[in-house]
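Colleague: Fit chain P to the given chain Y structure using the hints.
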Amino acid sequence: MKIVVLMKRVPDLVEDLEVDGSGKALATEHLKLTVNEFDDHALEEGLLLKETSGGELTVVALDAADVDKMLFTALAKGADRVLKITGAANVEGNTGLAAVFEEVLSAQEHDLILTGVQAADDRDGQLGPIVAALLDVPCVEVVTQVEVGEPGEGMVTVHKEYSGGVVAELEISLPAVLGIQAARQSPRYAPVSKVRQIQQSATIETLAGAGESSGAAAGGGSGFSVVEMTAPETGAGAQMLAGVDELMAVLEAKGVV
Amino acid sequence: MLTTAERIVFLILVVVCGGLAFRGFANIVRIVRRGRKAEPREGLLGRFLQAFLDVALQRPVFKTRPLVSVFHAFIFFGFSFYLLVNVNDLLEAYVSGWSMIGRGGVAGVFNLLSDLLSVLVLTGMVALLVRRFLAKPKSLEFNASVKLHPRVVAGGVPRDSLIVGVFILLHVGARWVGTALHLAKEGHGDPWLPTASLLAAGFSGLGEAALETGTHLCWWVAMGLIVLFLPYFPRSKHLHLMVAPVNLALEKRTPRGLLEAPPDAANPGAKELTDLSWPLLLDSYACIMCNRCQDACPAHATGTPLSPAALEINKRYYANEHAASLASGDNTGGAGLLDFAISEDAVWSCTSCYACVRICPVGNAPMFDLIEMRRGLVFDGAAPDEVAEVLRHLDEKGNSFGESARKRPRWAKKLDFKIPDARKQPVEYLWFVGDFASYDPQCQEISRTVARILNSAGIDFGILYETERSAGNDIRRVGEEGLFESLAEQNAAALAECEFEKIFTTDPHTFNALKNEYGPFVDGGPFDVVHYSTLLLDLFTQGRLEAGTQLKARGTYHDPCFLGRYNGGFEAPRGVIRACGLELVEMPRSRENSFCCGAGGGRIWMKDHPDVVERPSENRIREALELGAVDYFVVACPKDLTMYRDAVKSTGSEGQIAVKDIADLVAEAIGLSAAEVN
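One line per chain: the protein sequences are Y and P, in this order.
The numbering of the first sequence is my numbering, which starts it at 1 and goes up by one.
The numbering of the second sequence is my numbering, which starts it at 1 and goes up by one.
Here chain Y stands alone, though its shape is the one from the complex (with noise of 0.2 Å):
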């Protein structure tokens, strides 16, 4: 099975963002890229997927800083190829971002492909349904477990989180792509020396991405424009109760009892 992992770089939270002269964008000054974590979980569920089911399995990223460092983590890992798309950079949302990925899928043997179910960066959490609707493939979102075998070859079984702690087993047939929630276990970790000694021996290939087309090539752009960027307001603070009676005191304040 060829197994596609998306993934991209989002804006580390821990640092302090602000918001650039434009009102519309963060500053990038001070800015530092991590993994999306989501896509991290997604390149962790491929992983198990590959080592129970075999397989062979790429990582597909648009350049953004260190994202070499982690790519080699994937390959680290287990990926057997990365892939890094450069010229891509300003793609506008999920719609854009989708484009250039279904370029690079077309040219790709792929029978899943996998990516975070959300980023920090996302407008609308859409890039797997976009995806899978520029390749006409099936999708399922919010998912936390994949399994192969089961109905037969050419189909997988996947776990489908509802709110309240439902889950659906649903089987769908591939290719497809899916969203992940969590994989079955916590990314796992790759040492240094294990990176460095990949780095050494390595390469990742370098797609050049269709760019600023690409929204074209969506069918006229995200749709979406940025009006303004701030901060969220703080709000008034919580008032802290000291105990049960106090607690009835602002119930029955308020009428609730």
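These aren't lab readings, by the way, just hints derived from the structure by calculation.
Please read all numbers here as calculations on a predicted model, not as lab measurements.
Errors might be hidden in some of the hints.
[What the hints assert, rightly or not] Listed next, with one range per pair, are the computed distances between beta-carbon atoms:
no., chain 1, residue 1, chain 2, residue 2, range
1, Y, 68, P, 413, 29 to 39 Å
2, P, 655, Y, 244, 18 to 28 Å
3, P, 18, Y, 52, 54 to 64 Å
4, Y, 68, P, 137, 55 to 65 Å
5, Y, 240, P, 673, 23 to 33 Å
6, P, 137, Y, 248, 31 to 41 Å
7, P, 628, Y, 186, 38 to 48 Å
8, Y, 26, P, 466, 47 to 57 Å
9, P, 380, Y, 257, 50 to 60 Å
Just so you know, even glycine gets a beta-carbon here, dropped at the ideal spot from N, CA and C.
Modeller: Frame of chain Y; chain P shown alone:
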């Protein structure tokens, strides 16, 4: 004395049993040589002289358990002398007319020593057998969840102890009785053989023939037994009498706080027995199964499945079971260490406190086995989730908190003066702050207190601001060698750009790494590093700090592992405490015997093992409270501050004892007002 037939039988026995024993010893040598390479052991002559002197004085044994050690000393001195006694008895058997009995002078002294030491060996051996089989001390048991080799579960250790004990009793006892029978045959006592003479009086009723048969029988029990025992010897705990001195001589002599790098970076760590370095393989043969390491181990004391003793014992039983295949090298691909030696959760229970290595009477280092196994697990991506997350943080951000590197110096913003930037201006002292002192809110307060103390004393010091990274001490002990190297390289490169005379740090873990482990990363050798306890004591001594107020309180002091046991920093913190006027009361476990808080070796990042009955830090607070009327629990380590403040809360001891950093005491004693402090 022996008949010709007896002489021939004995010789045949020596050849057969000696041959079997030789095969056993040869296998051990071959197995140990299959271990991975270790730092070369240099100065062998000096090492062996030192080891023999230490053994002769029984120094390693007397580190703990004084009464048991006395009984051991009886047996040790007796047995050592018995080497001569055995030679004499062989001569007596094979050289006609050779006898020491009835002679004075040198022979008389020999007789007296053999007589008295025989009684001491018998006394010691009976005492130790009574201890093991009747008194049954808890220390000889393992926690229920400790992994044990099937042969250990089947009672291998007490069986081996009984065999060895009975062998000693028979060997020495028979020789002693034989001497008495000899005296009885001659019909008079010998002043040089007082106890045998007393015993001989009891044999006066026996006839000549019975006495003659008795002496022969005793000779055979005493001497024949040794020869019969020879093939069992390399498989038994008795082997320690030969391997222990060798093991002590070949101990790792580099600083305690310097871990050896894995010999093969592409394939680090230990998965199978022979992946361990040869000194760690030798350890299991030296082990006497006394469980002293387990007694000292904070992980075992608090209920986890880790027993450093069980690890060595399991290694030994496995090696004995598979001696031939291990020796020949056919065992590759055999059982993994995690299958027979120790469970994976036990590997992660170690706090790397070094107590097991320090206490071992035969120079074993089980802690290093655990670190090798961790290296193997981390390399295979099998670190526990909490550890994996911290390692990712450290790799990406350079700190274990997963915080922004830019926020590292933020603690200093609340000071009313600016700490000089050591990257931009020369300073006398470069303060390597460390992760906890930089990011943990409670520790940040101590960091500010230290800054104000030094500022008030006019010390020229600076910090690396956001360029500093974790020093990597505990990363190395978690088994992530590559990340440790990466952090050390980054820090060494940053420090190389700065002008300073000395480094100081409040964190013993950082102190250890910079002092002992940064050598290979720094041009011009290791840094001149001091712990802030030393710096503060120096300032008091030089008069640059003056304790205007003498604190009227009683306090006890906890030795941090990486300052005390690892680096011998026992006096400076005590000096600072005394300079502040505090009355210092010592806990039973102090200095070398200090009990780890439980945070080291990456444990601070991991969840408690479900078997934990009491955390090490809680055990320690209880120890301090038992001293009675102690106001302060004084610490000199940022991790200790957080560990013990938590433990005071979780044991419900608030109001009974307060955790204070030595910097708190100094600030109060030199009169920095509370407002000035924070």
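Colleague: Each hint should be assessed against the structure and marked as holding or not.
Modeller: For each hint, the structure was consulted:
Restraint check, residue 68(Y) to residue 413(P): a C-beta distance of roughly 35 Å satisfies the suggested window 29 to 39 Å. A hinted range of 18 to 28 Å for the beta carbons of residue 655(P) and residue 244(Y) is consistent with their spacing of about 26 Å. Checked against the given bound of 54 to 64 Å, the beta carbons of residue 18(P) and residue 52(Y), roughly 56 Å apart, stay inside it. For residue 68(Y) paired with residue 137(P), a C-beta distance near 59 Å keeps the hint of 55 to 65 Å intact.
Range check, residue 240(Y) to residue 673(P): Cβ separation about 30 Å, and the 23 to 33 Å hint holds. The beta-carbon spacing between residue 137(P) and residue 248(Y), approximately 58 Å, falls outside the hinted interval of 31 to 41 Å. In this structure the supplied range 38 to 48 Å holds for residue 628(P) paired with residue 186(Y), their Cβ-Cβ distance being about 46 Å. The supplied range of 47 to 57 Å is broken by residue 26(Y) and residue 466(P), whose beta-carbon atoms lie about 20 Å from each other.
Between residue 380(P) and residue 257(Y), the C-beta spacing of about 58 Å keeps the proposed range 50 to 60 Å intact.
Consistency with the previously given hints fails for numbers 6 and 8, ordered from lowest to highest.
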